[in-house]
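Student: In case you want the letters, here they are:
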Amino acid sequence: MHFALREVIDTVRMTEIEHFDIRTITLGISLRDCSSRLPATVRARSYEKIRRVAAHHVRVAKEIEALYGIRITNKRVAITPVSLIADGHSRDDFVSLARMLDTAAEHVGVDFLAGFSALVEKGSTYGDEALIASLPEVLASTKHLCASVNCGSTAAGINANAVQQMAQVIKDTARLTADQHSLGCCKLVTFCNAVQDNPFVAGAFHGISEPEAVINVGISGPGVVLRAVKEIGTTASLDTLFDAIKRTAFKITRAGALVGHRCAKRLAEITSIPIQFGIVDISLAPTPAEGDSIGDILIAMGLEDVGAPGTTAALALLNEAVKRGGLMAATHVGGLSGAFIPVSEDQAMIRATERGHLSLEKLEAMTSVCSVGLDMIALPGDTSPQTLTGIMLDEFAIGMINNKTTATRLIPVHGMKEGDFVEFGGLLGSAPILPVSRLGNHVLARRGGQLPAPIRSLTN
Amino acid sequence: MDIGALVDRIAQALGPDVTPDRVESIAVSVLSYLEEPSVRTTPVPFHEGTGERVLITAFGHDQPGVLARISTAVFESGANILDVSQKILQGYFTLIMIADISNPRTSVTGLQAQLQHLAESFGVRIYVQHEDLFNAMHRP
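Heads up: the sequence lines are chains A and B, in that order. Following the numbering used here, the numbering of the first sequence begins with 13 at its first residue and continues without gaps. Following the numbering used here, the numbering of the second sequence begins with 259 at its first residue and continues without gaps.
Derived from the structure by calculation, the hints contain no laboratory data. Small disclaimer: the values here were computed from a predicted structure and weren't measured. The beta carbon of each residue, even a glycine, is placed where N, CA and C say it ideally should be. Where hints are given, some of them may not hold.
[To be verified] Quick list of the computed label-pair ranges, beta carbon to beta carbon:
no.	chain 1	residue 1	chain 2	residue 2	range
1	A	Ile285	B	Asp341	38 to 44 Å
2	B	Phe333	A	Asp191	26 to 32 Å
3	B	Arg327	A	Asp45	53 to 59 Å
4	B	His375	A	Ser371	48 to 54 Å
5	A	Thr252	B	Ser360	39 to 45 Å
6	A	Ile282	B	Arg327	33 to 39 Å
7	A	Asp191	B	Gly349	51 to 57 Å
8	A	His344	B	Leu289	30 to 36 Å
9	A	Glu243	B	Leu340	30 to 36 Å
10	B	Gly381	A	Ser153	46 to 52 Å
11	A	Arg25	B	Ser360	26 to 32 Å
12	B	Ala326	A	Arg83	29 to 35 Å
13	A	Asp45	B	Ser343	53 to 59 Å
14	A	Arg25	B	Arg397	14 to 20 Å
All chains should be built: construct the whole structure from the sequences, respecting the hints.
Tutor: Take a look at the structure:
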């Protein structure tokens, strides 16, 4: 037999028992040809283009899913940052455009369409300002739309004015979606060093340098890595542990690349649009399902719980091993590529925060060695905009100085306080409200301006 | 094909008339006659997915008739069974079957649905997965 029994069983075990899935197949669509000074024209062109290019996206992904017996959890669409195609439009125009995009997402059958975004790391245009001002209403009145704002980069520094604005946007969004536990904030990401080809929603967008249409794949598979770590036992050295994770990452990345290539090829055949394969994002992304947790991997490495001394080092090892294996497996790797630690979407992380083992400060340290940042963090509803500004500035400083992506998805859950528990439902999971420092930072937070780029940005 | 040995033999046969160009031209014509792939041919990348076979794997408590019913379903779908391996250990069986699906009337989704139905009636697990996945995950 051409296939060894061990290999066959290994694959079947991964796909059927250990929750190995393709987390997302994201179709990036350029809307650069949809821009116009007339808001109605932008709406009509964007709607038509998304309908045309993404018409078969979900069906093809399901076909591929069946053929290989690998679950593709999410089929999504990312578009050109909307501020670029509708610059100069008013706040109300952005709200109307958002509703149209939401309808387009509904019609092509995707659960999320991401790219209601602005890139303001060095300053805002009138269009950027209008888009940011529209965000609370957009997030409250649409179902499928995800938004992101890039507030900093290693090259440009951090736009502290934008960070201030975003803190207020987060507060307003939390209030406007109070009846859904401030769900609007789960669809809003603020970034430093946002990447152009990230397939993971909510922070995805189709970057300005991307081609006409592209398929990017985000893999998953914490369950598979967990098994590899458990099999290696408690006496193996860190090197051996590293190697075991690396080998596993190779296999799951290969499967992701195969699925991505096949989807892109099939879509290009059907639509006659040059839809090409872009990258595999070799991120380990957890889900609220038991056994599909990054936290469990860290515990299996030898910690009593996430948050114990050594947690950051364990995460760094995991992150690096996944990258090494993934890089060997796929020719084009990109996106965020690193372990995700969204608190509400990971059972072990939820437990650790409930027990008081994991604080916001420890999470911040962990984000310096993995992707992507303070993700899905539920905070008390009365957290001030100044505190949110401070948390974001800290997180973005880590990204800027270390030349990596950092992001925040903070949810100051309206009406809830420290110790309460919030349910977002589905893949967004649930989370305890984390305690947040009440120390004042009003003077720093209101200064505004631009935090200059670090010396490492001058590489020429 | 051992190219090195072929080149050695040609060189030997040419005796004193041997030159690198003559050896190469003879070797190339021999290889093209044999229709061997060129030595410069690069292997097909794993993601091109050129395979036309599926792997059917089944696990569960051993019961008489499982293999027969699976084989019938595969036959009825138009696929052709190429290889079967079944092992029974302490009352549990593991079945791996390779089937050719190049017949255009074969529907993988139809076969999957059929086998899913069978799996439920026998209380076992049956999976159908295209061979490209296994090649991608376990081959360089």
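Student: State for each hint whether it applies.
Tutor: Status of the hints after comparison with the structure:
1. A:Ile285 to B:Asp341: 38 to 44 Å: Since Ile285 (chain A) and Asp341 (chain B) have Cβ atoms about 40 Å apart, the given range 38 to 44 Å holds.
2. B:Phe333 to A:Asp191: 26 to 32 Å: This hint is violated: roughly 57 Å between Cβ atoms.
3. B:Arg327 to A:Asp45: 53 to 59 Å: Between Arg327 (chain B) and Asp45 (chain A), where Cβ atoms are some 55 Å apart, the hint holds.
4. B:His375 to A:Ser371: 48 to 54 Å: 52 Å, holds
5. A:Thr252 to B:Ser360: 39 to 45 Å: 43 Å, holds
6. A:Ile282 to B:Arg327: 33 to 39 Å: Once the Cβ atoms are compared, 35 Å apart, the range 33 to 39 Å for Arg327 (chain B) and Ile282 (chain A) holds.
7. A:Asp191 to B:Gly349: 51 to 57 Å: Taking Cβ atoms as reference, Asp191 (chain A) and Gly349 (chain B) lie about 55 Å apart, which means the hint holds.
8. A:His344 to B:Leu289: 30 to 36 Å: 34 Å, holds
9. A:Glu243 to B:Leu340: 30 to 36 Å: Because 32 Å falls inside the window, the suggested range holds.
10. B:Gly381 to A:Ser153: 46 to 52 Å: Once the Cβ atoms are compared, 49 Å apart, the range 46 to 52 Å for Ser153 (chain A) and Gly381 (chain B) holds.
11. A:Arg25 to B:Ser360: 26 to 32 Å: The hinted range 26 to 32 Å holds for Arg25 (chain A) and Ser360 (chain B), with Cβ atoms some 28 Å apart.
12. B:Ala326 to A:Arg83: 29 to 35 Å: 30 Å, holds
13. A:Asp45 to B:Ser343: 53 to 59 Å: 54 Å, holds
14. A:Arg25 to B:Arg397: 14 to 20 Å: With a Cβ separation near 18 Å, Arg25 (chain A) and Arg397 (chain B) satisfy 14 to 20 Å, so the hint holds.
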